[in-house]
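As you go down the protein sequences, you meet chains A and B in turn. Note that the numbering used here numbers the first sequence so that position 201 is 201, with each residue one more than the last. Note that the numbering used here numbers the second sequence so that position 166 is 166, with each residue one more than the last.
Think of the hints as simulated: they come from the structure by calculation, not from any bench. If you're wondering where the values come from, they're calculated on a predicted model, not measured in any experiment. Heads up, the beta-carbon is just placed ideally off N, CA and C, and yes, glycines get one too. Careful, some of the hints might be misleading.
[To be verified] From the derived model, a few chain B residues whose C-beta atoms are all more than 10 Å from chain A:
(1) Y4
(2) P59
(3) E96
(4) R116
(5) C127
[Said to hold, decoys possible] Here's a subset of chain A near chain B, in silico, CB distances under 7 Å, partners left out:
(6) Y11
(7) V28
(8) L87
(9) N208
[To be verified] Not close to chain A: a few residues of chain B, all C-beta gaps over 10 Å, as computed:
(10) E6
(11) M22
(12) R35
(13) F44
(14) G83
(15) L100
(16) R114
(17) D120
(18) L141
(19) L144
(20) K147
(21) Y153
(22) P154
(23) P157
One-letter residues, chain by chain:
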Amino acid sequence: MSQPQSAYAFYSPTKVLSGNKALENLPVELDGMNAVKPLILTTPGLSARGMEKIMAAAFGDSNLTIGIFAGVPPQPDLRLIRELYGLYRDNGYDAIIALGGGPVMDTAKTLNIAVSGRPEDLERLADRDPLTKKLRPLAAIPTLDLSGYEMTRYAALGPLSLNSPALIPDLMIIDSRTVPEEEHKTMAATALMSMTQVVEACLHPARNLLTDAYAYGAARFIMENILNVLRHPSDRKGRLALANAAFFAQTSFDNLAPGMVFELGVAIARSCQTKPGLVMGLLLPHFLLLEMRKGASTRKDLYLFIGGPEAFAGTMAAASPRKALDRIVETLLELQSLVPDFPRSIRDLGIKKEDMEGLVAQGPAAGVRGEYDPQDIRNILEKAWETRF
Amino acid sequence: MNNYKEIKSGTKPLKQAYVALMLWFVGRAIEAAARVDGVVKAEFDGLSPGFTFSLGVMPQGPTMIVGKDAQGLVKYRGWNREGQKIDLQMKIKNLEGAVLMFTFQESTALATARNRLIVDGEVPAACAIVRVLDIVEVYLLPKLIAKLAVKRYPDWPCGEKILNRIRIYAGAVLGL
Numbered sequence: 001m002s003q004p005q006s007a008y009a010f011y012s013p014t015k016v017l018s019g020n021k022a023l024e025n026l027p028v029e030l031d032g033m034n035a036v037k038p039l040i041l042t043t044p045g046l047s048a049r050g051m052e053k054i055m056a057a058a059f060g061d062s063n064l065t066i067g068i069f070a071g072v073p074p075q076p077d078l079r080l081i082r083e084l085y086g087l088y089r090d091n092g093y094d095a096i097i098a099l100g101g102g103p104v105m106d107t108a109k110t111l112n113i114a115v116s117g118r119p120e121d122l123e124r125l126a127d128r129d130p131l132t133k134k135l136r137p138l139a140a141i142p143t144l145d146l147s148g149y150e151m152t153r154y155a156a157l158g159p160l161s162l163n164s165p166a167l168i169p170d171l172m173i174i175d176s177r178t179v180p181e182e183e184h185k186t187m188a189a190t191a192l193m194s195m196t197q198v199v200e201a202c203l204h205p206a207r208n209l210l211t212d213a214y215a216y217g218a219a220r221f222i223m224e225n226i227l228n229v230l231r232h233p234s235d236r237k238g239r240l241a242l243a244n245a246a247f248f249a250q251t252s253f254d255n256l257a258p259g260m261v262f263e264l265g266v267a268i269a270r271s272c273q274t275k276p277g278l279v280m281g282l283l284l285p286h287f288l289l290l291e292m293r294k295g296a297s298t299r300k301d302l303y304l305f306i307g308g309p310e311a312f313a314g315t316m317a318a319a320s321p322r323k324a325l326d327r328i329v330e331t332l333l334e335l336q337s338l339v340p341d342f343p344r345s346i347r348d349l350g351i352k353k354e355d356m357e358g359l360v361a362q363g364p365a366a367g368v369r370g371e372y373d374p375q376d377i378r379n380i381l382e383k384a385w386e387t388r389f
Numbered sequence: 001m002n003n004y005k006e007i008k009s010g011t012k013p014l015k016q017a018y019v020a021l022m023l024w025f026v027g028r029a030i031e032a033a034a035r036v037d038g039v040v041k042a043e044f045d046g047l048s049p050g051f052t053f054s055l056g057v058m059p060q061g062p063t064m065i066v067g068k069d070a071q072g073l074v075k076y077r078g079w080n081r082e083g084q085k086i087d088l089q090m091k092i093k094n095l096e097g098a099v100l101m102f103t104f105q106e107s108t109a110l111a112t113a114r115n116r117l118i119v120d121g122e123v124p125a126a127c128a129i130v131r132v133l134d135i136v137e138v139y140l141l142p143k144l145i146a147k148l149a150v151k152r153y154p155d156w157p158c159g160e161k162i163l164n165r166i167r168i169y170a171g172a173v174l175g176l
């Protein structure tokens, strides 16, 4: 009998508009949030790929004036926030639209705190003072080059690490025109990161029916589209599905504590200057294997998420986790065959054995925030170092 | 600041003109259909006396207004809302959504499901107007296109459909 857990919480305040011409809804959606003059933030790279024109066309006929700042660098800092704060205030903007992935969203979330109150609020929030003010409207238009935190309560900017439900964007638009083709490695990394968030959400002790529902949608979108998108990057619907999957996965992830593979992936990627999703993809099979060995928390329907209902229906319950693991490894191998320079092991990223011990020992200092058994971390890192997929 | 610019949104005059023409034509066709088609007449008879609705594009039009007069006759009342008491406003959220609808790439029902319309008024009345729009589109369009534009293509007697189609076109184009 299906019954809800005795107690659970789930929070997702984002209105999602996805599909053909979704972008053209921006003016009316902003109007619904009492905003008439948005400031669009994006990167020089996306601007060079014609995104400015697409955004301007979406506002065509709306009678609105929009500002576009296309200078968000890969590592934004507080100096940029100060400049944007002045720009926002001096020109009378009343909403922020973030077009792009990690750095753009981090900048937008941070700027939103500053412009919704005082710039000092940033330091107060970083000091863990709760954010009490309602922030200005924030719309997100994600691409497929993502950090995994875009649609969540987290933001990081230089030394600031922010965490508040108020930072979650009010609106998200996924339109095939704003999900352009990225490099194969980037799209594969984003898909593997979303898959990591899915698997860790599925196995999280605090999971609930809603986190499962989001995780299921994400898993199906990824598994049914990633290989085709890499073979045919012009597949607009496939790219749209992957962007949707990222949102689903991040929402599920945001309602649970970050998982070990995700945290390790971020920490290792930071030290190796690579994409976190690639590292997570290499760690995920070992994490699953470890979970299976522990037995207790591995759910019997994991293969429903990874393999889909038809494959799951033809599988004995006891074999489900193993089949899920096999399917993930198969996908990883196929991705490696499709993506040039895809690392085969974390050794290929330049990680040395002594570095791994440092990661285990440093724990939170290395960016691994969760409370994990050091032996588990060591086990996964060693396996990922020794194994070449 | 480098990499910063402010732009004023442009206009889409061709698309706006096309949608305005379609709204004008559909508005007049509704008036004609209410005279010649029993189902359309019955739908309007079921609405309150003096009932008036508008179908337009946000934020600044174009719009068509259709309503019942004191005698219960359905009249196309142009595009200007000023001085008119509108009971039901159906607003297409943007011009691109209106183009999708009026190039029959999306039916009214599908556009509603895809969140392209805002309805301000009674839901039963809105449902009645959507049914009227479907019937009018069946009369105005060839079967091949109308099948894309309506939820379900009706199985009407061929002779009656052609006769009504001629009368509705005459009413819409010539005002007969």
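Here's how the hints hold up against the structure:
The Cβ of Y4(B) does not lie farther than 10 Å from every Cβ of chain A; its closest approach is about 5 Å, which violates its non-interface assignment. For P59(B), the requirement that its beta carbon stay farther than 10 Å from each beta carbon of chain A is not met, with the minimum near 6 Å. Residue placement check: E96(B) does not keep its beta carbon more than 10 Å from all beta carbons of chain A (closest about 4 Å). The claim that R116(B) is not at the interface with chain A is violated, since a C-beta of that chain comes within 10 Å of its own (minimum 8 Å).
For C127(B), the condition that its CB be more than 10 Å from all CB atoms of chain A holds, with the nearest at approximately 22 Å. Below 7 Å, beta-carbon pairs count as interface contacts, and Y11(A) has none with chain B, the closest being about 22 Å; its hint is therefore violated. For V28(A), the interface hint holds, the least distance from its beta-carbon to any beta-carbon of chain B being 5 Å, beneath 7 Å. The beta carbon of L87(A) comes within 6 Å of a beta carbon in chain B, closer than 7 Å, and the hint placing it at the interface holds.
Annotation: interface hint on N208(A) violated; nearest CB of chain B at approximately 27 Å, more than 7 Å. Its closest Cβ contact with chain A, about 5 Å, brings E6(B) to no more than 10 Å, contrary to its assignment away from the interface. With a cut of 10 Å on Cβ distances, M22(B) stays outside the contact zone with chain A, its closest approach being about 16 Å. Distance check on R35(B): its Cβ is at least 35 Å (rounded) from any Cβ of chain A, clearing the 10 Å threshold; non-interface status holds.
Residue-level check passed: F44(B) sits 29 Å from the nearest beta carbon of chain A, beyond 10 Å. Look at G83(B): its CB is around 23 Å from the nearest CB on chain A, clear of 10 Å, so calling it non-interface holds up. With a cut of 10 Å on Cβ distances, L100(B) falls inside the contact zone with chain A, its closest approach being about 7 Å. Consistency note on R114(B): stated as away from chain A, yet its beta-carbon is not over 10 Å from all of that chain's, at 7 Å minimum.
Look at D120(B): its CB is around 13 Å from the nearest CB on chain A, clear of 10 Å, so calling it non-interface holds up. For L141(B), the non-interface assignment is confirmed: its Cβ lies about 21 Å from the closest Cβ of chain A, beyond the 10 Å cut-off. Against the 10 Å criterion, L144(B) stays outside the reach of chain A, whose nearest CB is about 22 Å from its own CB. Non-interface status of K147(B) relative to chain A is upheld: no Cβ of that chain comes within 10 Å, the nearest being about 20 Å off.
At the 10 Å boundary, the C-beta of Y153(B) stays outside the reach of chain A, the nearest C-beta of that chain being 23 Å off. No beta-carbon of chain A comes within 10 Å of the beta-carbon of P154(B); the shortest separation is about 27 Å. No beta-carbon of chain A comes within 10 Å of the beta-carbon of P157(B); the shortest separation is about 37 Å.
In terms of the numbered hints stated before, the structure departs from hints 1, 2, 3, 4, 6, 9, 10, 15 and 16, listed from lowest to highest.
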